[in-house]
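Sequences are here, hints too, so could you generate the full structure?
Each chain is listed here by its residues.
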Amino acid sequence: AQSVTQPDIHITVSEGASLELRCNYSYGATPYLFWYVQSPGQGLQLLLKYFSGDTLVQGIKGFEAEFKRSQSSFNLRKPSVHWSDAAEYFCAVGGEAAGNKLTFGGGTRVLVKP
Amino acid sequence: DTEVTQTPKHLVMGMTNKKSLKCEQHMGHRAMYWYKQKAKKPPELMFVYSYEKLSINESVPSRFSPECPNSSLLNLHLHALQPEDSALYLCASSQEWGNTIYFGEGSWLTVV
Chain R
527 AQSVTQPDIH
537 ITVSEGASLE
547 LRCNYSYGAT
557 PYLFWYVQSP
567 GQGLQLLLKY
577 FSGDTLVQGI
587 KGFEAEFKRS
597 QSSFNLRKPS
607 VHWSDAAEYF
617 CAVGGEAAGN
627 KLTFGGGTRV
637 LVKP
Chain C
106 DTEVTQTPKH
116 LVMGMTNKKS
126 LKCEQHMGHR
136 AMYWYKQKAK
146 KPPELMFVYS
156 YEKLSINESV
166 PSRFSPECPN
176 SSLLNLHLHA
186 LQPEDSALYL
196 CASSQEWGNT
206 IYFGEGSWLT
216 VV
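Protein chains in written order, with our numbering: chain R, 527 to 640; chain C, 106 to 217.
What the hints contain is simulated information worked out from the structure, not anything from laboratory work. Since this is a predicted model, take the numbers as computed values, not measurements. Among the hints, a few may not be true.
Unchecked claim - Just some of the chain C residues that point at chain R, by a computed CB distance under 10 Å:
#1 111
#2 142
#3 172
#4 173
#5 193
#6 207
To be verified - Calculated lysine-lysine pairs in the DSS-like style (CA-CA distance at most 25 Å, straight line):
#7 C:145 x R:587
#8 C:145 x R:639
#9 C:145 x C:127
#10 R:587 x C:158
#11 C:158 x C:146
#12 C:123 x C:141
#13 C:123 x R:627
#14 C:158 x R:627
#15 R:575 x C:146
#16 C:145 x C:158
#17 R:627 x C:141
#18 C:127 x R:627
#19 R:575 x R:627
#20 C:124 x R:575
#21 C:127 x C:158
#22 R:639 x R:627
#23 R:639 x C:146
#24 C:127 x C:143
#25 C:114 x C:143
#26 C:143 x C:123
#27 R:587 x R:639
#28 C:123 x C:158
#29 R:587 x C:146
#30 C:143 x R:627
#31 C:145 x R:575
#32 C:146 x C:127
#33 C:124 x C:114
#34 C:114 x C:146
Note that the Cβ used here is the ideal one computed from N, Cα and C, for glycine as well.
As structure tokens, then:
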């Protein structure tokens with residue numbers, strides 16, 4: 527069965543500093559990988575996705591993620607965070623081998639200090 | 106435009122009430138989903154509709170009853186709910202089942 531681990535429950539970062547959120551997955555075939563962001567009281571917004579091809583994926587709001595098959599990781603990065611980036615971030619894995627169901631990680635809450 | 110619209114945004118209901126949550130998308134997506142999200146937890150899949158047919162029911166109690174009247178609409182009928190059913194209910198859609206999923210803003214449900 528597939529699984530996703532986000533090792534960091536909370537991360538606090540200063541505004542303007544860089545951010546990296548970790549995501550490790552377990553999946554028996556070629557994974558489809560996603561990062562979603564959820565602001566307080568809101569739904570989930572898709573930041574970026576990886577299906578195949580270039581392992582460095584660009585997303586919205588200045589985010590990027592890198593797929594590393596050898597490490598079963600799909601870490602999310604942003605060079606310079608803004609106060610509006612404070613939110614909950616979810617990594618998810620899916621694919622045909624999983625019956626096309628998305629499996630979410632537990633989430634990482636990002637706090638931004640002024 | 107990737108927009109999934111959910112109504113109402115907030116709903117308070119008693120344990121004997123009958124209410125419905127509604128979801129609409131006009132992106133031509135053929136798969137629609139209901140998820141439940143408790144505080145500080147990731148979303149949990151409840152139902153999947155593909156081409157207006159129920160494809161997945163994740164062993165959800167019968168007090169939750171989904172309905173897909175047409176390819177753009179998805180309802181979740183609620184009856185005899187329990188306080189522990191209070192949560193954020195997220196509707197989502199995708200081009201096809203298995204493609205990228207786009208979420209709505211959610212409906213906050215409180216059962217009293």
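Results for each hint:
no. : hint          : result
1   : 111           : holds (8 Å)
2   : 142           : holds (9 Å)
3   : 172           : violated (21 Å)
4   : 173           : violated (17 Å)
5   : 193           : holds (8 Å)
6   : 207           : holds (6 Å)
7   : C:145 x R:587 : holds (23 Å)
8   : C:145 x R:639 : holds (21 Å)
9   : C:145 x C:127 : holds (24 Å)
10  : R:587 x C:158 : violated (36 Å)
11  : C:158 x C:146 : violated (28 Å)
12  : C:123 x C:141 : holds (18 Å)
13  : C:123 x R:627 : violated (29 Å)
14  : C:158 x R:627 : holds (16 Å)
15  : R:575 x C:146 : holds (21 Å)
16  : C:145 x C:158 : violated (31 Å)
17  : R:627 x C:141 : holds (14 Å)
18  : C:127 x R:627 : holds (22 Å)
19  : R:575 x R:627 : holds (15 Å)
20  : C:124 x R:575 : violated (35 Å)
21  : C:127 x C:158 : holds (17 Å)
22  : R:639 x R:627 : violated (36 Å)
23  : R:639 x C:146 : holds (24 Å)
24  : C:127 x C:143 : holds (19 Å)
25  : C:114 x C:143 : holds (16 Å)
26  : C:143 x C:123 : holds (21 Å)
27  : R:587 x R:639 : holds (18 Å)
28  : C:123 x C:158 : holds (23 Å)
29  : R:587 x C:146 : holds (24 Å)
30  : C:143 x R:627 : holds (19 Å)
31  : C:145 x R:575 : holds (23 Å)
32  : C:146 x C:127 : holds (23 Å)
33  : C:124 x C:114 : holds (13 Å)
34  : C:114 x C:146 : holds (19 Å)
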